[in-house]
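Participant: So the sequences go chain by chain: H and Y.
Take the first sequence: its letters are residues 1 to 549, numbered as in my numbering.
Take the second sequence: its letters are residues 1 to 215, numbered as in my numbering.
It should be emphasised that the hints constitute simulated quantities derived from the structure, not laboratory data.
All residues carry an ideal CB built from backbone N, CA and C; glycine is no exception.
It cannot be assumed that every hint is accurate.
To be verified - Partner residues are not named here, just some residues of chain H that face chain Y (Cβ under 7 Å, in silico):
| hint | residue |
| --- | --- |
| 1 | 115 |
| 2 | 161 |
| 3 | 164 |
| 4 | 168 |
| 5 | 186 |
| 6 | 189 |
| 7 | 221 |
| 8 | 223 |
| 9 | 245 |
| 10 | 248 |
| 11 | 250 |
Said to hold, decoys possible - Beyond 10 Å from chain Y on every Cβ pair, some chain H residues (computed):
| hint | residue |
| --- | --- |
| 12 | 191 |
| 13 | 507 |
| 14 | 536 |
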Amino acid sequence: MRLSETDSARLAGSPPAPSYLEDGTTLMSWLNTRDHKRVGVMFLVAVIVSFFLGGIFALSLRMKLLQPGPFLMDALGYNRLFTLHGVVMIFLFLIPAIPSAFGNFVLPLMIGARDVAFPRLNLASFYLYLAGAAIAIYGMVHGGADTGWTFYTPYSSTTPTQVLPILLGVFILGFSSIVTGLNFIVTVHTLRAPGLNWMKMPLFVWGIYATSIIQVLATPVLGITVLIVSVERFAGFGMFDPARGGDPVLFQHMFWFYSHPAVYIMVLPAMGVISETVCAFARKNPFGYKAIAMSSIGIAFVGFFTWGHHLFVAGQSTFDAGAFGILSMLVGIFTAIKIFNWVGTMYRGAIAFKTPFAYICGFLYFLVFGGMTGVALATTSLDIHWHDTYFVVAHFHFIMVGASVMAFLAALHYWFPKMFGKTYHEGWGLVAASLIILGFNATFVPQFLLGNYGMPRRYYQYPEHFQALNVASTAGSTLLGFGFVIILIYLAIALRWGQRSEQNPWGSKGFEWMTASPPPTHNFDEIPTITQMPHDYRTHEPPGVIRVT
Amino acid sequence: MSPEAGLPEGILAHHYSSLERQNEAMRLGMWLFLATEILLFAGLFTGYAVYRYQFPLAFAEGSRHLNITAGTLNTIVLITSSFTVALALHFARIDKPRAAAICIVLTLLFALGFLGIKAVEYIEHFQEHALPGKYYAFEEVNIAGAAMFYTMYFLMTGLHGLHVVAGMSVLSWLLWRTLQGRYSSLYSTGLEMGALYWHLVDLVWIFLYPLLYLI
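The shape of chain H in the complex, shown without the other chains (with noise of 0.2 Å):
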């Protein structure tokens, strides 16, 4: 990628042009901004609110699991806060967490644009996400719900809890995914600087375009469930209840096709931030960039084809179970595809273990861990084994937690510079990371073990005779949650005294650095012209000069 004259004069030190930090201090130059960089920010701020809020729920949870009997809260307390952590944590944090933070914010930078296609839907999305998340907090004060966040009918349509205004504010939150998803395929199908074709799309772009389409395909059928819910339960309709002749098994149905792909909306911008960091820090261009970005595609495609392995004993048939099971296996050999690319493209590159790359490493041990107990979960026969055990539970996590909360936490160091213009501790950064993959570790293998021999999720009271790897686990999570801190404590510092950091500190010939560091308003003086791929370190063009740490 060229440099235009202005952009590299700017560059060389001749007066800047003030950046999107300082265009407008006040309180409602934000509130009101059309720049997709603050809306990237104010998401930012707020998935990482919600992701302390899940997280102080999580580990209430682990507490009280630290004895089998009854500890600390009462039984309904705990379905309540199991169900606030499920929601807050999947509705609030991982569906939003990468791609309306961090693709809002570098997406339109990675295609050489001025803005988002819809600037004004832009800013709704975040006051969607800001009214969805109110209304279900709302709920949640008032009472609660102790459905788990899965609001399987007919109990979620008739327990006396608060169910009714968090299923609405994940109604809003839906539309606020939405909006996001179609805002990112128009972006990338209309704004493409000249000379950016598809196949030079930096790869992070391809990982959250193959998001938007399941964000748009697949939540509205999760917006028409959570409504017919609603309406069961303020005036019995009765279409999931099969005291009226309904049917719970269609909710499930209804239910699953939406969220199962809605775990590819959570892991697909993990694996779009792992490939453009593992380029970054191996300084080489992408192995097999085609087959990454297909392989996006792929997922996608056939994500919205998997769901009834959810139902294996639901009373689905043996022939359907079969099905489903081979198709959520197909998942298993797209993750393969990147996998292998991600490694190749580490083989002899030059890599510069700073922390991005400690969670890299953390990611690809557990999204191989994670995908293959999920391969062993598509198999109908085990999973009749480990259905609803804490084998699940820990699977669940290994992805969720393992691949894309550390996929955004690496996004978050390696962007960091980008959105802020500051760097942080280096050592204080590896010291976290180091705590948050012990402590993810310690967390969740106990788990898997627990599953195996039997131990059912989402119970309050078990026997004695789990309470030594329920503690291990407990003590794991107290690691994880010391980690978690100790980023939230270096970053605030870095933000506020931190040194400046160099335009392109880590001498990335990814897209998104072509311009100032924080950019300025209008990203671009002028719309650069696109004449290499992504991470190409072999010339020695802009941007970026290559050093080598």
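Given the coordinates of chain H, work out where chain Y should sit on it, guided by the hints.
Facilitator: For chain Y alone, kept in the frame of chain H given last:
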């Protein structure tokens, strides 16, 4: 002369290189949005299919007790309104904003007519206690699954009715914009988007009508 010359202020956003690009983006965005609407209704259509398969007799019987005259009339009203909204776009494009505005007003009136007829039907159902789920007490149809037919009927027509109201708000806003003189041969994409949405509202009814009233 570039096509951008002579455009009113504020139509071409700063981040697009040309109006053509912006129109393309708006159209793609709208079609994606329409796809989400179809998937929203798809949940209900799936439910309809499942329960029709489960209770074929009750669905046939329930269908026979709907007011087919009202349903047919509403179908005609909505199809005509789709025609008037298309006409509005046509007039805007040949620089006849007043004729366009009149067509939008006509569309709005048809929409109101649709809601009026639907309200009459709803009142009948309430009087007969032909209501969904736990409120069902319709004496004429008393077979297993009859309540489920009315559950599906109210969910589907109710959600469609909400879409009619949403479409009317969009059309009212477009009427105001048309009277301001925003749409012309230079630019009419905003109106086109609204018309597309209205066609979708119409199209959903085209599927609801045979499913609920005819078969």
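Participant: Against each hint, give a clear statement of whether it holds in the structure.
Facilitator: Results for each hint:
For residue 115/H, the shortest C-beta to C-beta distance to chain Y is roughly 4 Å, which falls under 7 Å, so the interface hint holds. Here the hint on residue 161/H is broken, as its CB sits about 20 Å from the closest CB of chain Y, past 7 Å. For the restraint placing residue 164/H at the interface with chain Y, the shortest Cβ-Cβ distance is roughly 16 Å, beyond the 7 Å limit, so the hint is violated. Taken as an interface hint, residue 168/H does not check out: its beta carbon lies about 15 Å from the nearest beta carbon of chain Y, beyond 7 Å.
The closest approach between the C-beta of residue 186/H and any C-beta of chain Y is roughly 5 Å, which is under the 7 Å cut-off, so the hint is satisfied. For residue 189/H, the shortest C-beta to C-beta distance to chain Y is roughly 6 Å, which falls under 7 Å, so the interface hint holds. Hint on residue 221/H holds. Least Cβ distance to chain Y is approximately 5 Å, under the 7 Å limit. Taking 7 Å as the C-beta contact cut-off toward chain Y, the hint placing residue 223/H at the interface holds, the least distance being around 6 Å.
A least Cβ separation of about 5 Å between residue 245/H and chain Y falls short of the 7 Å threshold, and the interface hint therefore holds. For residue 248/H, the interface hint is violated, the least distance from its beta-carbon to any beta-carbon of chain Y being 12 Å, above 7 Å. The criterion of a C-beta within 7 Å of any C-beta in chain Y is met by residue 250/H, whose closest approach is roughly 6 Å, and the hint holds. Distance to chain Y contradicts residue 191/H as a non-interface residue, since its nearest Cβ pair spans about 7 Å, not more than 10 Å.
Consistency note on residue 507/H: stated as away from chain Y, and its beta-carbon is indeed over 10 Å from all of that chain's, at 29 Å minimum. Every C-beta of chain Y lies more than 10 Å from that of residue 536/H, the closest at about 25 Å, which supports listing it as non-interface.
Consistency note: the structure conflicts with the earlier hints numbered 2, 3, 4, 10 and 12.
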